[in-house]
Amino acid sequence: MNNWPLLSILVWLPIVGGIAVMLLGDARAALGRWLALGVTVLAFVLSVPLYTGFDSTTAAMQFVERLPWIPALNSDYHLGVDGISLPLILLTTFTTVLVVIAGWSVIEKRPSQYFAAFLIMEGLMVGVFAALDALLFYVFWEAMLIPMFIIIGVWGGVRRVYATIKFFLYTFLGSVFMLVAFVYMYLKTGTYELSAFYQLPLTLTEQVLIFLAFFAAFAVKVPMFPVHTWLPDAHVEAPTGGSVILAAIMLKMGGYGFLRFSLPITPDASRELDWLVIALSLVAVVYIGLVALVQQDMKKLIAYSSIAHMGFVTLGCFLAYDIYANTGATTGAVLGLQGAMVQMISHGLVSGALFFCIGVLYDRLHTREIGAYGGVINTMPVFGAFMVLFAMANAGLPGTSGFVGEFMVIVAAFKANFWYAFFAAVTLILGAAYTLWLVKRVVFGEVANEGVAALKDLNRREFLVLAILAVGVLALGIWPKPLTDVMEPTLQQTLTLMSASKL
Amino acid sequence: MNTTPVAGAADFALVAPEIFLLCAACAILLIDLWLPQRLRQVTYLLSLVALVVSAVLVAGLPGERMTAFGGTWISDPVAKLLKLVTCGTVAAVFLYSRDYLLARGLFRGEYFVLGLFATLGIFVMVSSGSLLTMYMGIELLALSQYALVAFDRDSPVAAESAMKYFVLGAIASGALLYGISIIYGVTGTFDLDELAAGLDGSAATNVGLLFGLAFLMAGIAFKFGAVPFHMWVPDVYHGAPTSVTLFLGAAPKLAYFALALRVLAEGLGSAVQAWQDMLIVLAVLSLVVGNLVAVAQTNLKRMLAYSTISNVGFILLGILAGTPDGYRAALFYVVTYVIMAVGSFAMIVALSRRGFEADRIDDFRGLAQKSPWFAWMMLFLMVSTAGVPPFVGFFAKLYVLQAIVDVGFVWLAGVAVLFSVVGAFYYLRIVKVMFFDEPAPGLAVSASGSFRFLLSVNALAVLALGLFSGALLDAINRALP
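Protein sequence lines correspond, in order, to chains C and P. Under my numbering, the first residue of the first sequence carries the number 1, and numbering increases by one thereafter. Under my numbering, the first residue of the second sequence carries the number 1, and numbering increases by one thereafter.
Excised from the complex, chain P in its bound form (with noise of 0.2 Å):
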């Protein structure tokens, strides 16, 4: 270790928006204790103020790369752009869920407050310079999921799938912090900087090395919900109130990329021929079976979450090109997923009400005669889901085809572009029931103006971005130089 054991207030200032946020959190959850529930509005409200407060601190963040406490900690663009996301995706979450939640008797502190600590352990992924760091930050934003999808407790569902989820993410978990433990016994370090200067080009056939990334690969692949570890991902989304399913569905994957991001290209870049194998076989079943499977679902939050697999498969390519073409675009591709996927599954939450959720395909029937708008909007998402140019969606799959074919995986692009034809089908399937078939009885948007304006910016952003992606591209190329 070179540098000093004692931090500084230099040190304090790079983790001022984490330390704003845990404060803030925990006094939440002390204020809401003493709130009647007529009151409860304010729980919500000082939620958005606290999220709000700590994107303006992340945004004072210094432009460039600097570490804190001796080098577990990363303050870089990247870090600020992910964060700055992640305020406005949680944010967007807590708008949309607002009347779902009310309509249910489920407008309780605990949902902001929990989102709030995942939000808090998502800062901690994204920034994080050590092993350790990235440990604590996953633990955090898992265990405030598997409170979250267990929210409503009544419902056996949702306890079903918070405890699935619970079991296969502790094991999950175990395989990340086995393969931690045993890339230190190999290394001798946590910290990431070190461990990339510590290696060469020897390190792709390093056997100690390459059995703890195994164990590492694993441990990302279950938390993308990457196939083969994916099991989880259709039953949770499914079981958990859509609200959760909105938050899971979204912020996390930026946390997921920063996991991999950090641990694959910056900690472990120089072993990129060994996960670079690994990655390709769990990004082609990724397509293969999100894809595939997507195709017979009737429950729109179980395709939506092999929708997401799928998705997952091409964020995967993006980093496995290895250069930084690869990782731009697969930023580029989770920021705009997570665009899309809140939006989509907020289209859910417009249509349901008390005792009735809009979760089945069916549900969709006949929406464009009904609300044509909110038809059209849901037409936007999907189809820019489904990689449909001139939407956001398009480009996004272009730049990790750009990043792939350059490195000479031609054919990979050729398996992506395949099976995008194939998920095209099932978001087309969407259109084809709001469009074309006749309404199901007693179905309109009864959202709230705010919600609708939400959900319209929401959708004609996935427009706009596409159109002028450069603008975006341009922002990523800035965080990731």
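So here's chain C without its partners, still in its complex pose (with noise of 0.2 Å):
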């Protein structure tokens, strides 16, 4: 099995399957679903052997996969997996799997272009994670954004056009000036590939400048403040399976980019505009949690959230360097990183199982509006207790996943700077607060209104998708060591690179 092109399979099946079910057609849509759903399961199957087949001493890249593909540019068509990609890709197969099961009956409008724009998401996200060209890497990156724009767009709520060509210009702005840094880059390597821009040694402003293209892209995926605003439109707007993919796997595209390009290829700019990050990753958890707080829409509340979330991630990505100036240790700072990599997988469960619960009553109500619920629990217990599991989750409470990596970022931080800790551990109680006030207001009380006292509980399909992500919040909360330890030689040379000057 280690001799199979698995991550090629992983990114062309479900590509190939895709404009399968797209030919199949609507008419013949069962059959197109029973074919996504396949396609999407024996991409899954076939991911689990990167993970058992990873050699978790290693930081060196595995499964690669290498053919020339531009030659007149040095551009090869190279894949591979290393601690911080796999755990991603994982997440990434695993989550399309749930997104088909939740589209399974409630998609009427075109059901055959709906599977098969996600089936074409699903191997182009994992292009992203897995080329090490950075030109195969731009492909990717740019390519995912045409089927999440239809996705958005076909089959989204009522402002779903201003929101997904929000989506699409916000993230293609971002993208394109990383373009213009990644054709610096070459024309001074002469190849795309990513290793000889880890080794290619550059002037402070040369840095400082790719630095700004990068962060002009990951940023903006990410989303960090102030651009973030197209991430609350996009998942308002976009169709249950487009939020979660969104909330599940776009936004960790923006963590891996600072992880994969940002600190390794420019160490010294990341070192002199560490400020920066930090800066708006604390607002992002501070002020967005504020306003996360306010919201009257449920699938904005969790989309803000998603902000504050992430700004853990970046947070966590750019505290080596004062970790490093304080202490001269380098344990700590690893520690920033793994907590901001536990926090991306993490949150990919959390918010995409929150996605799916407020899709569970939207189906139903049609209307994402709290004031529309309360006394939910009446009426669905066990939905009831699925939500309230998920929603502890998103505030953090021990025992769940999301408690893992927000606790790693926050130790990380108090060896960086008292004030970092103690603006990041505010999230604890915003988070707390908006997670808690929203199910208190939807979940618990009276039943609000003849709608909530005709609500049905979860039917086998919506059951199974929750249980599952139940299950990989809890073990993830309970057990997060083999996720740990995947990921540390990996994050241990993220960290050599990092704090290795290139001038």
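Treat each hint with caution, since some may be false.
[Said to hold, decoys possible] Straight-line distance between alpha carbons at most 30 Å, and here's what the computed DSSO-like set of lysine-lysine pairs gives:
#1 166/C to 370/P
#2 370/P to 109/C
#3 300/C to 166/C
[What the hints assert, rightly or not] Covered stretches of chain P (chain C as the covering partner; in silico rule of three or more C-beta atoms under 8 Å from a C-beta of chain C):
#4 401–409
#5 414–425
#6 470–480
Bear in mind the hints are in silico, worked out from the structure with no lab data behind them. We treat Cβ as the ideally placed atom computed from N, Cα and C, and that holds for glycine.
Each of the two chains sits in its own frame; use the hints to bring them together as a complex.
Okay, here's the thing in structure tokens:
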């Protein structure tokens, strides 16, 4: 099995499957659904050997595939995984299965294209995480926008056109500057190979400009304050599956970009400008947390909560410089990076699950207004239990995955600067406030109206999705070691790269 | 003059495709005269055959650079490549136009004969080794185009566009010719090779030469439709019958690229400092104006006209780099742009029918529900033109960016990508209209099987060339070593 081009299969199987589903057409939508489910399950099954066959004692790239792609540019079709990309690829294949199940019977409009879009997305997202050639990475990174654009635009809510164009243009605008940076480094090195970019010496001015170009791309994707405004719109308007993919995976690409590109390629600029990232992260944690508190729309609330949680990811990534300056030791610094990674995976599960929960309610009452609900637990006890669990995870309750990442980042923040930790820890209060208040208003209390009184509890399909996610959230919360072990050597190497000056 | 004044068989061998094309066009014109309307298909088929034979003759030309007729004619790999692409493009235009012309009672021999003469003009431009040969090619192409625009003689809009095009085009030709005469006065030669040999580093400060260059540049910019010489583009694209717009928007761009390459890069290469600055102004203005104004258009043909202007900006960026990489990037760009432009205009043709031009953006409403396959094809074309990977339009932009960053114009690259984002908006609007809006009544692709097939191949080529852009890039590197 180790000789199989697993990564290529994970990229191209869903894409080919997606095209097949689309060609089947809406007339044979039932067949298309099963095909889509089959392809995603197969992709997930095939991604498991990546984990079992992964050698977690080394930071080297594994499952490497390399073929010449554009020889004139020294650009290769070069795929591989390490401890950073492996968990994210697993998260991608895992989430897509759930998205297909969740959309099973609720999508009535052009179902074959819906499933096709998600399958193609899956292949492209795996490609983003697996690409080791900057040009190939960029191709996947941008190509991904097209299916997402269609998903939000066709199956979205009332203001879907505005939201999807905003989403596309924001991310496109951010990314094009990254392209210019890639081109610049290509001309210096003569190749688009990522490892060559790691070796390339750059002056501080060059690094700062490249860092800012990367920052434009990744900060929009994360998204960081103040370029986050596309996210609430996109989330609110997207169909449930689109929101889940956005929250669970696409946002992670920003964090992944910082770890894979910004920190190792421009270490000195990252050191010079870490205050900027840290400040914006803390603003995201505190200010966006407050914004989340006042939302009336459930999806918007979770969208803002996502921004706040992703603030932890960027914070964890950039804490290392201060920790290193304060203590001279690297142990705490790795903790920050690990926290960021764990937070990304955990947030993928938790926010995905919360969007599923909102989708469940929305499918029944066709509103996302918090005020339209109340006392849901009386009519939907099983759903209520799940919702409370995921809300607790979102608030960072110990025992759930949400706690692990936040705790690691806060501990690392203490080693860097007390005030960083202080503001970061505010999230424990704010996060608890907005999620628990949401749960109180939606789930608990008296049955608010006839609509709620007529609600039916989860069907088997919905139960399956939420139960799988619940297992993931708890497992990661109680025993995160398998995850942290996998990423440890790679993050050590990232730390080495980001602490070595390139001047 | 150090070459023999007497032309020999070797000289004629190098112009065999052009001689054939000229004879074929004349013969078809005569044959068409005696054909009854019901046999008009014969003209159409003969024209296609003429193009195919020309392409075969071009393919048989030697692969290295050779000159003929005392240096006034150049046969080299880049000319070969451009001629082959031209043949393919014009043939595609003829195929796309057939149904459209038939439905409107415009299926007349003149369309094809004029198309062939225009093709001949392109061939002459592409191979010219002297400014005079170039001018002959330009005029042959231009006159054919004026007539083509006015081809639908009952349409007042078309007549108005043709008149505009003709008057403005004549002024531009005058400017070009004036520039050529001044350059001749300063250097004493029309021959591009002699021009290049006679000029040295001081050329960029030679006032007389610069004066001539400015007029020459105005002529080139007008032909390309670069801002501020772009005024004719939207009106002509909009006013001409769509099958003519299809022609105007595609193949001639190859010739104008050759014009810029031959005159600026080969003839006036040592004055690069001087024309680089002029091209920067033209390119930036084209990018800015083309992209911004395109946003405000409601007519698809006009929108695509402004999109052409912005794409010309990119082509000029490649040329202004002044390096072999830059010329290659521009060549790659122009070839791929032609493929995308032909496909996009063909989509309008596909949706049009007798008495109805589907040239408003609203006419594409809900296409994804009526004809999902063609909606996806149009999506490929639009997204590719916007420069989103993995489509070929992205790689075209990438190579141009590489070329200009390589010569130190990082800021220009920044401007170019910034306005590409603006451009993305209006291409996305087409996608939005097709996929997100409810369908307009009674609208579906009603084209014939061969048309559908060609359009599908055209759009899928945009994807395939993107995924495997290395192959095209290699061909281009061989053509422009």
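Cross-check of the supplied hints:
Of the supplied pair hints, the one linking residue 166/C and residue 370/P holds, its CA atoms being roughly 26 Å apart against a limit of 30 Å. Of the pairs offered as hints, the one joining residue 370/P and residue 109/C holds, with about 14 Å between alpha carbons and a cut-off of 30 Å not exceeded. Between residue 300/C and residue 166/C the CA atoms are separated by roughly 16 Å; this keeps the pair inside 30 Å, and the hint holds. Restraint check on the segment 401–409 of chain P versus chain C: 4 residues with Cβ-Cβ distances below 8 Å, three needed, restraint holds.
Coverage of the segment 414–425 of chain P by chain C holds in this model, with 7 residues showing a Cβ closer than 8 Å to a Cβ of that chain against a need of three. For the segment 470–480 of chain P, the stated coverage by chain C is satisfied: 4 residues place a CB nearer than 8 Å to a CB of that chain, which reaches the threshold of 3.
Going down the numbered hints, you'll see the structure goes against none, and every one checks out.
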